[in-house]
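Protein chains: 2
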Amino acid sequence: MVITSAPGKVILFGEHAVVYGEPALAGAIERRVYVEMEEGRRDGLTISSEGVEDGDEYALRYLRKAVEVALVHLGADRDRGLEVRVASHIPMASGLGSSAAVSVATILAVSRLLGAELSGEALAGLGHQVELQVQEAASPTDTLTSALGGVLYIEPGRGYKRIAASLPLVVGCTGDPRATKEMVRGVRDLRDRYPRIVDPLIKSIGEVTREAKVCLEERRDIGELMNINHGLLEALGVGTKGLSHLVHAARAAGASGAKITGAGGGGSMIAYAPREVERVVRAIEGLGCTAFQVSIAVEGARVEKKGLL
Amino acid sequence: MVITSAPGKVILFGEHAVVYGEPALAGAIERRVYVEMEEGRRDGLTISSEGVEDGDEYALRYLRKAVEVALVHLGADRDRGLEVRVASHIPMASGLGSSAAVSVATILAVSRLLGAELSGEALAGLGHQVELQVQEAASPTDTLTSALGGVLYIEPGRGYKRIAASLPLVVGCTGDPRATKEMVRGVRDLRDRYPRIVDPLIKSIGEVTREAKVCLEERRDIGELMNINHGLLEALGVGTKGLSHLVHAARAAGASGAKITGAGGGGSMIAYAPREVERVVRAIEGLGCTAFQVSIAVEGARVEKKGLL
Numbered sequence: 003m004v005i006t007s008a009p010g011k012v013i014l015f016g017e018h019a020v021v022y023g024e025p026a027l028a029g030a031i032e033r034r035v036y037v038e039m040e041e042g043r044r045d046g047l048t049i050s051s052e053g054v055e056d057g058d059e060y061a062l063r064y065l066r067k068a069v070e071v072a073l074v075h076l077g078a079d080r081d082r083g084l085e086v087r088v089a090s091h092i093p094m095a096s097g098l099g100s101s102a103a104v105s106v107a108t109i110l111a112v113s114r115l116l117g118a119e120l121s122g123e124a125l126a127g128l129g130h131q132v133e134l135q136v137q138e139a140a141s142p143t144d145t146l147t148s149a150l151g152g153v154l155y156i157e158p159g160r161g162y163k164r165i166a167a168s169l170p171l172v173v174g175c176t177g178d179p180r181a182t183k184e185m186v187r188g189v190r191d192l193r194d195r196y197p198r199i200v201d202p203l204i205k206s207i208g209e210v211t212r213e214a215k216v217c218l219e220e221r222r223d224i225g226e227l228m229n230i231n232h233g234l235l236e237a238l239g240v241g242t243k244g245l246s247h248l249v250h251a252a253r254a255a256g257a258s259g260a261k262i263t264g265a266g267g268g269g270s271m272i273a274y275a276p277r278e279v280e281r282v283v284r285a286i287e288g289l290g291c292t293a294f295q296v297s298i299a300v301e302g303a304r305v306e307k308k309g310l311l
Numbered sequence: 003m004v005i006t007s008a009p010g011k012v013i014l015f016g017e018h019a020v021v022y023g024e025p026a027l028a029g030a031i032e033r034r035v036y037v038e039m040e041e042g043r044r045d046g047l048t049i050s051s052e053g054v055e056d057g058d059e060y061a062l063r064y065l066r067k068a069v070e071v072a073l074v075h076l077g078a079d080r081d082r083g084l085e086v087r088v089a090s091h092i093p094m095a096s097g098l099g100s101s102a103a104v105s106v107a108t109i110l111a112v113s114r115l116l117g118a119e120l121s122g123e124a125l126a127g128l129g130h131q132v133e134l135q136v137q138e139a140a141s142p143t144d145t146l147t148s149a150l151g152g153v154l155y156i157e158p159g160r161g162y163k164r165i166a167a168s169l170p171l172v173v174g175c176t177g178d179p180r181a182t183k184e185m186v187r188g189v190r191d192l193r194d195r196y197p198r199i200v201d202p203l204i205k206s207i208g209e210v211t212r213e214a215k216v217c218l219e220e221r222r223d224i225g226e227l228m229n230i231n232h233g234l235l236e237a238l239g240v241g242t243k244g245l246s247h248l249v250h251a252a253r254a255a256g257a258s259g260a261k262i263t264g265a266g267g268g269g270s271m272i273a274y275a276p277r278e279v280e281r282v283v284r285a286i287e288g289l290g291c292t293a294f295q296v297s298i299a300v301e302g303a304r305v306e307k308k309g310l311l
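Line by line, the protein sequences are chains A and B.
Per the numbering used here, the first sequence starts with residue 3, numbered consecutively.
Per the numbering used here, the second sequence starts with residue 3, numbered consecutively.
So that you can see chain A by itself, here it is in the shape it has in the complex (with noise of 0.2 Å):
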């Protein structure tokens, strides 16, 4: 038997802005999709998935797509006995990285029963696959941050860098589901509407970005930039009355900065904490909304020693 493990994930800046280019950055954080495996009595998959609480069937898409693309690529019989728990910490739908997460952990879980070693960037590949098969479009940054944790500074078609930071976060979910194809393609239309007015939005985004990975390096204070972030999404048409009144709510308890996080359009924001952590979780609880204090997972998708389920 295997105990595999991925984390979550937060876009820190560039959301949006990457589909043209610029950089991003992303996060991988301290909540886990767990994923236990073993050889099977009998031909096929056998899934269980207590723990996994909402959004169980669309999770479970991605672990049975997950589980193929493994098998296959491995060279390994499809119809391999194979019995699955999974459980996971990650809110569903919320933009969080957990439909990679399931993907990426039930790769590399997989790959250890069939006794092969895949690298980060493989099972990323692989994970990726997994995305791009279930939902038609994904962006590689969910199964690259999930499979190698800690915080990349990610160039489209130049690759990514790893940022060594610890970063107090907060993360508030509205509880609206995200809608990203929507989203991406509202900024698409906005910009073959607009293109004077959103090419250099666009580009201030990247600038930012830039800014805040010195700003990662040198230890500084990122609320500043996250703010800006903020309101230049909110100008690209991807806020949402919900994700601006935890925004504010963050501010005002304390955050040194906060922001929609990932597609905009429901979801979730992220809030940056290095005081007040827990003001600023009470203050997004305060209206209606789920929000955890998280860290940044530097481990990304693993082996566990022992199980969690």
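By construction, these hints were calculated from the structure, which means they are not laboratory data.
What you are looking at is a predicted structure, and each value in this text was computed from that prediction instead of being measured.
Worth double-checking, as some hints may not be accurate.
Pairs involving identical chains hold if they fit within one copy or between any two copies, as the list cannot separate such chains.
The list that follows gives simulated cross-link-like pairs (lysine-lysine, DSBU-like), each with its CA atoms no further than 30 Å apart [stated by the list, open to error]: (1) Lys308 to Lys205; (2) Lys307 to Lys183; (3) Lys183 to Lys163; (4) Lys183 to Lys243; (5) Lys307 to Lys163; (6) Lys205 to Lys243; (7) Lys183 to Lys308; (8) Lys205 to Lys183.
Using the hints provided, position chain B relative to the given structure of chain A.
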């Protein structure tokens, strides 16, 4: 006896960016300051200001300075006896141009009482002098818009153009005093620290304003452009929790767009509401703030036919 009035204003697009040479769109609003003036029985100024609700003393500083500037400009005795009554229907210190309107209406009253004719631009110029003397720094936009009325597309250093536009607007006042000087300084400071972020951002605001001018000329909806402009102002750091709540409440109530108007940091927001005007007003009032529907004042400063005091 002469009775004059001058309208308040809203900045429709381009606040803050105008400081860096980008254009701005301002509109005179059908909320006026009224000044009733007659020869006094004794030397000097006698003021009664029944009807001016809050900020009386604040408004009266502009009134006194405006009388002085006008008398000096017209070559009259500074100590000439004048009895003045003033009434304002513009909320004070909300960024709606009440001080410019007081200045302009007062200068027009003095000039008419003395039998002089001043052009709208001369009126605006003298009004700007008053603002500069009372508050040190002032943009010429407020007095120009109050003196001339209508919607003005203003290009710094290159003059202005009048746009024929009738706009269904809702103004919402947070009740927090605006903080023009601090906000202008804050943006300058942000630009000094992050020129590569803030320069394209300001350019983007300029393009929003240019696009909005075309929209107004073609009688198209400006709501989406207002939303973009709002996000860019948030990115510049002049947003507040209160302004953000009013903006999002207005949009949720059916406004096609909403934004901060003026310097931010408090003060007022505007919503473009071709439909659902009443709902937008009630949504803002529901948050405990003042809101009113307002149309563009086609006429600027003018002599009134009969007393309104």
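Output the numbers, in ascending order, of every earlier hint that fails for this structure.
1, 2, 7
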